[in-house]
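J.: What follows is the residue order along each chain.
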Amino acid sequence: MTSLPLIIALAWRNLWRNKRRTAVILFAMALGVWAMIVTAAFMRGMALQVLDDTIDNLTGHIQIHNNNYLDDPVIENSFKTNKAIESALQHTDIINWSNRIRVPAVISSERDTSGLVLVGIDPEREADLSFLKSSISEGQYFSGADDKGIIIGKKLAENLETRLGKRVVVITQNTRNEISDRGFRITGIYDTPTEGMETGFVFMTRRSAETLIGVANLSSEIAIITRSLEHVDPVIKALKSDLPDLDIQSWQTIQPFTQLIVEMYGDFQYIWHLIVFLAMSFGIINTLLMTIFERSREFGLFQALGLKPRFILMQVWIESMFMLAIALIIGNLVSWLTVLSTGDGIDVSAFAKGMEMAQLSNIIPFIIISEDLFLANSIVIVLGMLTGLYPAWRASRLVPANAITRV
Amino acid sequence: MSTNWRFAWRNIWRHPRRTILTMLAIAFGSALLVFSIGFQLGQYDLMIKGSVSIYQGLIQVQKDGYLDEPKMRNSIENIQSVTQKIRESTGINSIAARANGFALVSSQQRSYGTLITGVEPDFEKDVSIIPGTVKQGHYLSSDEANEIIIGKSLAKNIKAEIGDELTIMGSGRDGSIAATILPVVGIYESGSRELDRNLIQIPLKTFQKIFTMGTHGHSIVFYHDDIKQEPLFMSQISSAVADQKNLVTLSWDQVQPGVKQMIELDYSSGWFMYVVLIMVITFSILNTFLMSVLERTREFGIMLALGYKPFNIGKLVMLEALLLTLFALAFGTLIGLAINLYYAKYGLTFEGMEEIASMYNMPSTLYPQISLESTLLGPLIIFIFTLLSALYPAMKIRKLQPVEAMRKI
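In the order they appear, the protein sequences are chains A and B. The first sequence lines up with residues 1 to 407 when you count with my numbering. The second sequence lines up with residues 408 to 816 when you count with my numbering.
For the record, the hints were derived by calculation from the structure and aren't laboratory data. Backbone N, C-alpha and C define an ideal beta-carbon position, used for all residues, glycine too. A couple of the hints might just be wrong.
Said to hold, decoys possible - Below 30 angstroms or equal to it, Euclidean Cα-Cα: the simulated DSS-like pairs (lysine-lysine) are:
(1) B/K635 <-> A/K353
(2) A/K237 <-> A/K83
(3) B/K652 <-> B/K532
(4) B/K478 <-> A/K166
(5) A/K19 <-> B/K806
Claimed, not checked - Stretch by stretch, here's where chain A covers chain B in the computed footprint (C-beta under 8 angstroms, at least three residues):
(6) 424-430
(7) 434-440
(8) 519-529
(9) 659-670
(10) 682-688
Looking at chain B on its own, in the form it has when it is part of the complex (with noise of 0.2 angstroms):
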């Protein structure tokens, strides 16, 4: 075994210049995948870490029905009581009710139509960053207090300040038209313009008291730092709700199918290239592997006469390209890891990043995942490739005869 090794090491040093070319040529496509996967892989993790804290959640209860036609009368009754028997089954806290409206809100200027969503103040600061957002006032203060909170862009559009009151006008659950006015006690910036100027936040009970809703709410959200937990809390959350009728509980990606379904076209498309890619270098080192073995003829024809079996050939043609890819593989894998790792640190990011990166949550910072996937899924699919390109040229040595092979010059 040790023998084979040896020669297989020796034979891809023959041509030192060709060999160090090949090599260049994964390690060149290894790097670059390393590199690319990972910063796709950053950024997705960016965008649903974004489109998830900002406001929606990692997973909501909601009436069944309730995604799909998101009317008032999808309600869930004692919203707020389901919420605690929650909090108190699974012992988790960052779970918050609301009740969710629309509003045509005035100032003494300017009218505006906005979402307007009733929260339960001491538990929405742990599922939303919103409350932490507050640049000018404070967020608001209890479940019944008479406050109203207002994101930035609308503040401009309507030209209202903290202490100004705003009145309210929608339609109630019962279709009566609800009203009132309210004081802004807070204005917060999320970095989100569109949610800016979007919505608005009330105390839940005021909420319930403005729209005619008695106890009932619409969705009960859930919040957690790391999104691959969510499966366990998935699980914990709905057999807490399981006695309740026409409950259901849903991930992030359900809420929000469109960041899931664009990441999963970026990734599509993004491998559609990276395998076209690795198409080119595969058959640009196919040549190598072939000439290889096809100058080596007349060797190939004496060592069969000593008696090597062609099988035992192949596989000295298989050991040389192994060698040649894992060496080169190593090479560009730790050059594209060395890429990312300082990336991790330091953050990439170019003109107009910003722009694109508010338009989905994200900011505009990029920076790499380091994991087992991003830095070896992108080698391991080169690898397999390079093998089986060095499969052809092994498999036309079984068909060596050694005596003509010996006459080849």
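For reference, chain A alone in the conformation it holds in the complex (with noise of 0.2 angstroms):
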């Protein structure tokens, strides 16, 4: 039995052989394996972003409603907050909740009028909560839960023509189906990403909301954010069964779409992964069994002398597992300084109109995480492994006497 150490040591010096073939090989390898991470690391980069925005626009990881809320968005729907729910929200695993009145309003300046929602925060837990604080570009946040101003998105500003100072009119329903209307002072212009979330909303304190409607210690919805994303179902467990009365959803449930997102990144880059290595696979097959067919007489002395012909399988499978070991080298190592030289992301502001309705905003991250380049690696090793055989079991079958002949 001839020992390992000289199968790949001749294996390794095979690769080399024609040093331009194994580099062109090589070459075509590292640029799918770069294209797998890359497109990988994209994708990933959207659907965080997606999922990102999502739970910072009002969303949060787990929202509490009356059960007939989500159905219709009405202040009747809502509940009231008591010490049951308090403790509930005790819970370890929630790093910070925020309770809100949330209605359809209509806003009115002297110029113009707009439909949206209307939402009344307790300012101080919003604050680490959702994008409000750190978004706003003129004035500011509420000082407390007394502040009376209230705060519009910059494209509601420039709509409704009116600006920072001004006073606007807030129209909405009470809980006896009668209209209420006040008018409130703009202290504060937020900027997102998204012109929708810019016009769909405005911001008051609960306070205010509160005396607006003629409600009190009403509660539309309850935001959660957990400990972390993992932590998002055993909190909802624990809540459902100290809040049977409640609805408590995930964002999953509440967003539907930014979760299908998320799965049909996941799915694609699968296909993706898959087509890359097909493409890849032909040229390894192809360029293997051109060094066997170069190297037949070569085998044929190698069996005449009474090698068996296992070790010719192995030499050739080691020889293709040594190509598919460098360009991984290669194709991660590229990937990485790829991602590193993008540093933000890519910006395609060019595209804002078209990003805003997939719902993302103009610069996307490349995201590396372990699971994608784990799943990359991993396929093209294990499939890499399987095209190996077929070249190194055509090299073992060569019969002695043929290939020594053959010139």
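Each of the two chains sits in its own frame; use the hints to bring them together as a complex.
T.: Next up, the structure:
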């Protein structure tokens, strides 16, 4: 039995017999690996961005509502914040929560009128939970629970031809189905990447909203942030048993589209990896077959000298493994450099409106996560090992006498 | 010449397995490209059609500035007579005037803010699908009827039914309060929940009365089935309104830049992947071409010694690559086309498609586009890349010296 180190040494030397050919196929394979990882990083960047934005844009990880609210989002379908709820929210994996009043409303400036969602928030709790505080571009965030101002989006201010310091009238329906309206001074303007957000939501303190609607201590929703996405399901389970009368939903069910996008990118990755690998595999097989063809005399000689076909099979297969390993190292390294060189991401603001329709912002980061890296590499390794078997098997099947006589 | 072709043909079949593998790589690439480009373009057609046919139309005439600042005051005077004039001078009938505003709509129990549009009921049915999707009751009956139609989602939210009276409140063109009460005569279901919740329609003259618009309106909307005809209609309509001051004629992609940009973004990211894939394939087959030249060094030496010009041998090598590529491309393209033809007939749908589709105003079944572009563009790019890769080995032949070459094994 021939020793393994010898086979390995032979395989390594054989690999570099024809440097140019090896370089060409290595380039093709490394390019394929690069394409897999960089595309995965881009998709992951998009998916995580959509996810982050969704969670940040008032969704949070978990939301609590009255059972009828999601179907019919009006003030009647709200709930009282009581001790039971507050103690349930003491759960150790909940790092932040905020209760809101959220009702459809109409806002009117001297110039124009628009329909949107009015959100009454608890300034202190909301600050760390959603985008609002960090997105204020003019004026300021609410100073406290008694702040009487209103914060509106930049695009909405443009549409209504109004500005910081001006008054707007907010009209909504109170619990007795009557219209109630009240003037508010604009104390802050927020700026987000998506215009839909800016024109769709205005914010005031819970106290202002309660006065406007004529209620006290009511919440339309409670948004919750947990320690991490993995904690969402266990926390929901705990909350459901503590608060059986309320509707407790995860971000996935509240924003099914986001969930769908995240899943779709995952599926697409698999397909893309397989396609790229298939494209490479033809080249791998062809190149290996060529080297075998050239060396068929040599293999015949080996066999005539008494080496087992298994030895030849191993040798060719290990040669292909070396190819695979080098291509993977180069591919991974270059991908890593590519991602590093893009910094914060690539700027696609030329397609701003399109990105907004797809719920994306204008800079897409490349994000490499270990799962994606593992997926790409393991697909190449597993399929590459299988692909290498065919030429190796053919090499081992050469009939010595024929092979030697072949020129 | 014919000797050369036969030469080339026989040469590529010297190593049948290698040739077939190389052809398979090319065929795989071209089949995949035909398939995906076909579906991409098909999907874009549906996206455009969806966003154009539901409500926004193919072409809109607006007051200059209305697109950026859709305010009530940016309006067109005598909008109905301007529209009638376009109909008369161009012979186009699928064009209708609209006025847009915003109102708080209240039923007995609920209030909701929505967009409200004044339309010409007789013409509206030719420019948007909304009149045709009225599932309960009927569409608006005339220009000045006191009627309102609302979407299904809104009806559910404000708990309104046919016959219920709705209070409309908003501000008029002159800034005054606009308010009236109108009975619901129809409930429509456009397929887009968003639209169903956010758009209600009333007759144009009624709108003008409520919102103190006089004879004004905001947009003249034109629709036609065939999106490719847009430039033709564009020139007709814009010349028909040329004598009107401050009017602009806008195409669908100006009215809805998001759709166009999303398509462009998707297409360019698609092409990034295609080019990478084509390059992987090119480098995989570069080896085949390279080897087929290198292993024949001795043979080429003899040919040179017999008086062949290096240029002719190079031509022979290119011819081989050309034959191989063309056969493979034809094979792959036919497979891709066959797949697309199958799906063009039966459609392709997959899990989760429905939610995504409704987001972009698309039906949930995809059909590939069968066109010259969708079928030949991908293979053409592969063809160029493959020939480039064959050029490198062919160039090497020019450096061959007969005597040295013949000594090579």
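J.: Broken hints, numbered, in rising order?
T.: none
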